[in-house]
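Engineer: Letter by letter, the chains look like this.
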Amino acid sequence: MVVDYAALKSGGFMRQKQKNHFSMRLKVIGGELEAAQLAAIAEVAEKYGRGRVHLTARQGVEIPFIKLADVETVKADLMSKGVFTGVCGPRVRTVTACQGNAVCPSGCIDTYTLARGISERYFGRELPHKFKFGVTGCRNNCLKAEENDLGVKGVYCVSWSHEACNLCGVCVKACREGAISVREDTLFMDENLCNNCGRCAKACPSRAWIGEPGYLLSFAGTFGNRIAQGRQILPPLKDTATLFRAADAALDFFDRHGKPGERLLAAVERAGWDLFEKIIRAEALHA
Amino acid sequence: MPDEHSADLRPDAETDVTSVVCPVTFAKATAALDELENGRILAIRLNDGEAARNVPLSMKDEGHQVLKLTDNGDGTCTLLVRKT
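Residue numbers (this note's numbering), protein chains in the order written: chain A, 1 to 287; chain B, 288 to 371.
Because the hints were derived from the structure by calculation, they are not lab data. Predicted, not measured: the structure shown is a model, and the values here were computed from it. One or more of the hints may lead you astray.
As the list claims (entries may be wrong) - Examples of chain B residues toward chain A, derived with CB under 10 angstroms:
#	residue
1	Cys309
2	Asp335
3	Pro343
4	Asp348
5	His351
6	Gln352
7	Thr357
8	Gly362
9	Leu367
Said to hold, decoys possible - Residues of chain B clear of chain A, computed beta-carbon distances all greater than 10 angstroms:
#	residue
10	Thr317
11	Leu323
12	Ala339
13	Ser345
Here a beta-carbon is modelled for each residue, glycine too, at the ideal position from N, C-alpha and C.
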């Protein structure tokens, strides 16, 4: 029997060191699964694997010890219960996310909805090499945005209204950057220190600080054999349409300039950060 | 400007959470608020730093009215909260 390993891998089946056994990678978006999906996964792991799963470093679930002969049956069984296989290889991988503002008090953006949108648009798209998206809801960066080829970080773009402010002092302490001070019965904000964390607006009891959600993107991060932090080359983006234009441009750039087997970072470095930044800015900001 | 002025804000009760850390700061402050009638004011003495950064936001999220945060200059702050 000739085994098409490439086809198996694109469908999320990783060859194990044990002959004829595969670890089946499942599709998980933003680390979120329904209880019924977990039950289906448990059932399959018991029936076809060894009754255990592996939680991956990027919020995925893998069922190891699936026999080659069972692969299609297992896939169909899972699909009938609303669980789908993930991907490996040179394509857009699992989109990771923290819980964002749907659950977390610190969240500035709806990470789940955005992660699903990103996954819907790009998941599985073939590229020169793997491509990872990660979405984190705020500056606390629980999801480590800069580790990803394209990281998204939720921020607030804040503004202050003198009329609504009663100088209660809460924002002065809420700001970790020391950007806010109260002197002579008025408030000062040093915009050079502001990192758009939005804690002033979240903490403000009188709506004197208003925060509009924004998306801060980081490009060409990698955290495998080579470790490099993704770079911010755009100001906070105010809407997802702009975000997707930037992401489209980054993936198109990777398609055009990347060599097989190299990450976005290598392609950007060879073509030049200047060119990359120029293209991303032009496409995202029409600037 | 203010419908609340510091001079008019007299606490009805006080609690000190400077000897505990998150999340007990929040739990202890909430327990003290539970003892009060709606509309009453609690003064919470808390440590500058993490507690002063986070407790006001937690109180706001719980639906209480945050009135004033004063730096006591001794490494502690006092937060005035009206129970709602």
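Engineer: Confirm or reject each hint.
Structural biologist: Each hint, compared with the structure:
| no. | hint | result |
| --- | --- | --- |
| 1 | Cys309 | violated (13 angstroms) |
| 2 | Asp335 | holds (7 angstroms) |
| 3 | Pro343 | holds (4 angstroms) |
| 4 | Asp348 | holds (6 angstroms) |
| 5 | His351 | holds (9 angstroms) |
| 6 | Gln352 | holds (7 angstroms) |
| 7 | Thr357 | holds (6 angstroms) |
| 8 | Gly362 | violated (13 angstroms) |
| 9 | Leu367 | holds (9 angstroms) |
| 10 | Thr317 | holds (15 angstroms) |
| 11 | Leu323 | holds (18 angstroms) |
| 12 | Ala339 | violated (4 angstroms) |
| 13 | Ser345 | violated (7 angstroms) |
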